[in-house]
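Engineer: Spelled out from the first residue to the last, the chains are:
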Amino acid sequence: MTAAARLRITGGTVYDPANGVDGVVRDVCIEGERIVADLPAGAPRLDARGMIVMPGGVDIHAHVAGSSVNHARRLLPEEHAADPVPGDAIRRSGTGGTLPSTFVTGYRYAGLGYTTAMEAAVAPLAARHAHAELDDTPILDSGCFVLLGNDDYLLRQIATGEATRARDYAGWLLGVTRGYAIKIVNPGGVARWKGGGSERNVTGLDDPVGSSAVTPRKILETLAGAANALALPHPVHVHCNNLGQAGNAATTLESMQAVAGQRAHFTHLQFHSYGGARGKEWKSAARDVIEYVNGHPEVSVDVGQVMFGAATTVTADSPVEYLLHSSTGRKWVNVDIELETGCGIVPYAYKEKAAVAALQWAVGLELFLLARDPWRVALSTDHPNGGTFLSYPELIRLLMDRAYRDDRLKGVNQKLLAGSALLDGLAREYTLSEIAIITRAGPARLLGLTSKGHLAPGADADVTIYANEPDRAKMFATPRHVIKAGTLVVEDGQLRRAPAGRRLSVRPEHDRAVTRDLKRFFDDYACVSFENYGAEPVA
Amino acid sequence: MTSGRTVAHVTCLGCGCACDDIAVVVERDRIASLENACPLGQTWFGDGTVPEESRVRGRAGSLPRALTEATKLLKGAGRPLIYLAADVSCEAQRETVAIADRLRAVLDTWAGESAAGGVLAAQRRGRAGATLGEIRQRADVIVFWAVDPADRYPRYVSRYAVEPRGLEVPEGRKSRTVIAVDVGPSRGPNDADARVAIAPEDEVDALGVMRATVQNRWGGNDARFQPAAELARRLMQARYVALVADGEPGPAPSDPDRAEALVALAQALNGPTRCALSTLRGGGNRAGADQVLTWQTGFPCAADFARGYPEYRPHAGAAALLAAGEVDAALVVGAAASIPEPVAGSLGRVPTVVIGPRASAAPFPAAVAIDTGVAGIHEGGLAFRMDDVPLPLRPVLAGPRAAAATIHALREALEP
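If you read the protein sequences in the order shown, they are chains A and B. Using numbering that gives the first Met the number 0, the letters of the first sequence correspond one by one to residues 0 to 538. Using numbering that gives the first Met the number 0, the letters of the second sequence correspond one by one to residues 0 to 415.
What the hints contain is simulated information worked out from the structure, not anything from laboratory work. Everything numeric in this text was worked out from a predicted model, so none of it was measured. Each residue gets a CB set at the ideal place from its N, CA and C atoms; glycine is no exception. One or more hints might be untrue.
Ranges between beta-carbon positions, derived for each pair [stated by the list, open to error]: (1) A:G160 with B:D46: 48 to 54 Å; (2) A:P232 with B:D46: 47 to 53 Å; (3) A:A81 with B:E200: 34 to 40 Å; (4) A:R511 with B:G171: 52 to 58 Å; (5) A:P85 with B:R27: 50 to 56 Å; (6) B:T48 with A:P85: 42 to 48 Å.
Coverage of chain A stretches by chain B, computed from C-beta distances (three or more under 8 Å per stretch; other residues unrestricted) [unchecked claim]: (7) 88 to 95; (8) 191 to 199; (9) 409 to 417; (10) 526 to 533.
With these hints in hand, go ahead and build the complete structure from the sequences.
Structural biologist: This is the structure we're talking about:
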């Protein structure tokens, strides 16, 4: 047996906010896959003098693998043709665009200094597919958020008041799908869309879904309660009703209040923070929404920033995609997924000169800049919905550099920006420590990943080393070195190694009696054998 | 093994339905009987016996020697063709794409040619679809467009679309209306509740008229198209329409205009009501090949790695490349018997390595042939149903060395 690989990163300026280290020159030592307190004098060294050292990046919400992502890839051959990525001795070839092939996804994330990414929407029926793609996504540690909240079995339990069984079902489902967290998308709305008939979505928290006992509010309460009762490392991860609608901030605040007092994560908050009335009078309501977040420590969010340029909207919120297809005329995929959820895809582009896109861009920045506790406000673009993960460095510059931000603001359509705090001149500039919080330390903590997002002894040896460039976009786009689980994957700006990543999953304790009832439901309605369902190996 | 045993919940790859409720009874290392399998499934499983040979230029040899010869042949090729055929798992498909990438080969699949029309239409427009189980739960009106699934997709009707009861269709068949659209000799099911006949030369136009009707844009009074317009109006009254069409009506490439018109109609019906287009596809894990190629390359078929990265060549498939003499060696992975004639007939023109079930009995001359098991009979792994639902495969018999492991060994031998 050979000794575990050792490396001493010397002389770098370390930002490790989880351990109270704010720009201190010190060594970081690695042995095997872990950070250690110290190493013998003769250990190999990596000279990081003058450079910035942070934990590896952690993306709390992105669409990177699985059935919806692959539907979207298949829809976009033109994007792939325009962005070929050659292979070499260590790299598989592939293609990029807004939805890169699996290998390219891993290489490009690592090339930005990210070492962990969570796939934010996995239909349980297709979990086996998501895991197969993640097996082909190198370097990144990853986990799957499993879609609940429009699934017929759950809605039945709510209709009959079986909250305990709903909790046991969620626990069982996370285990068999090798999932990490419970994801709710437009609770009840997708079920209505799939049900046919004239009611194609829900409009608020108290619309009945099938039964008068089942409402978005009840779904949120049930699943937030289940996630907390199951002691999951990450609470329920909520995509609210009315995504993208003018006036939806009221729904968002009601949703937060519906689970008040319980831990809950509200995702891509930007898409849910608009004032006005349905279909008109668009304006920013970022201030109201972030005020609530600021005052409620049990709530966390990621922003879902819109960045100008190409995007692809891909979501389980299929009724929203129908509307987007109808209004833009762009090509459109809809897939209703049996007994569980939906999938909708429309390619899109955000333009500075478009009024709504400019509003969305401003709302996201307002949320970041008005947030009081960066530990509860993670950086995301809802990749690739608001823009791709490749735009994170540009977003970081917007947050760190007021002059640059104000200059960009002048170039965007101002029509709907009245009332935006951004116009009042938000002076805040994020510090490097705050950036380290919103891109790694915070998301890791919100995910309950105790060995990620920090550099104390025992932590995973995921480390990113940046040149201290004054242009922060350039700095964060091209880290000098990236270490993943102790392996130097990016060296002097070049990808040198591409080891496999690890899968993060949970197996919550639950009452196994629920499987008897589930088997009956499968016998009555499912088109896949109970024994073949999920993502575990079969005998 | 002498006493009988039963393996339950086995997935059948006999057609794209990928029914996963098959019980396989094994006696004396053979499949003795099957429960729930349709005639296609019975044929696909057979008795489970497969040859277990490695051949080099027709003569039996050891597996290591065959792999060495295959490596030499492929390394020496200037422009190799890698061809994916039926009955291998996604694990084997993943290894195969890796070899194509390493060798800068041109990659095609046995499903590419016949389904290309539908694939390209979906890339232009998208799709309005559903998994088969959702059609079961929701569809109150099912239109079989020029197809009777009974022959090529035998359990589609009993297991998914028509007969079973669903959440919104509590009485199964009785709660649904089945409409057959007969396009020339391509007829819908005989027991449909209603029929509409359309002349083959009018088919694409009729689909256009239906779409225009759904969108309130058709005011024509051409008598030829009145039945189509009437059908469209009827569908608009449904709660949830399933439009069922054959994605691979024959070995010839499917008509891209027809495929696009079907997609466009299904999408348009989602204005006044809900609609899913169900595109029927064959077996052997072809949906898996689409998926694996898409996630590894960005393209669902016909990727050329000559420049060191995948380029999409949907109009230059294996048959054309072989006919034009553009490739100088071939690696076939999968069941050689599944390869369509224009490709199979040309493979003898170049030195060919075949790795897959019954490779030693390939219907064309093979420089190297290595038998493997059949995915889903002798090997486990991942496969996809026609509607892109992933399913596990369960081996029921011991067999030759697995295709995934064999291809992996070849891949390692090809590494520089």
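Engineer: For every hint, state whether the structure bears it out.
Structural biologist: Okay, the hints, checked on the actual structure:
no.	hint	verdict
1	A:G160 with B:D46: 48 to 54 Å	53 Å, holds
2	A:P232 with B:D46: 47 to 53 Å	50 Å, holds
3	A:A81 with B:E200: 34 to 40 Å	38 Å, holds
4	A:R511 with B:G171: 52 to 58 Å	32 Å, violated
5	A:P85 with B:R27: 50 to 56 Å	53 Å, holds
6	B:T48 with A:P85: 42 to 48 Å	45 Å, holds
7	88 to 95	holds (count 5)
8	191 to 199	holds (count 5)
9	409 to 417	violated (count 0)
10	526 to 533	holds (count 5)
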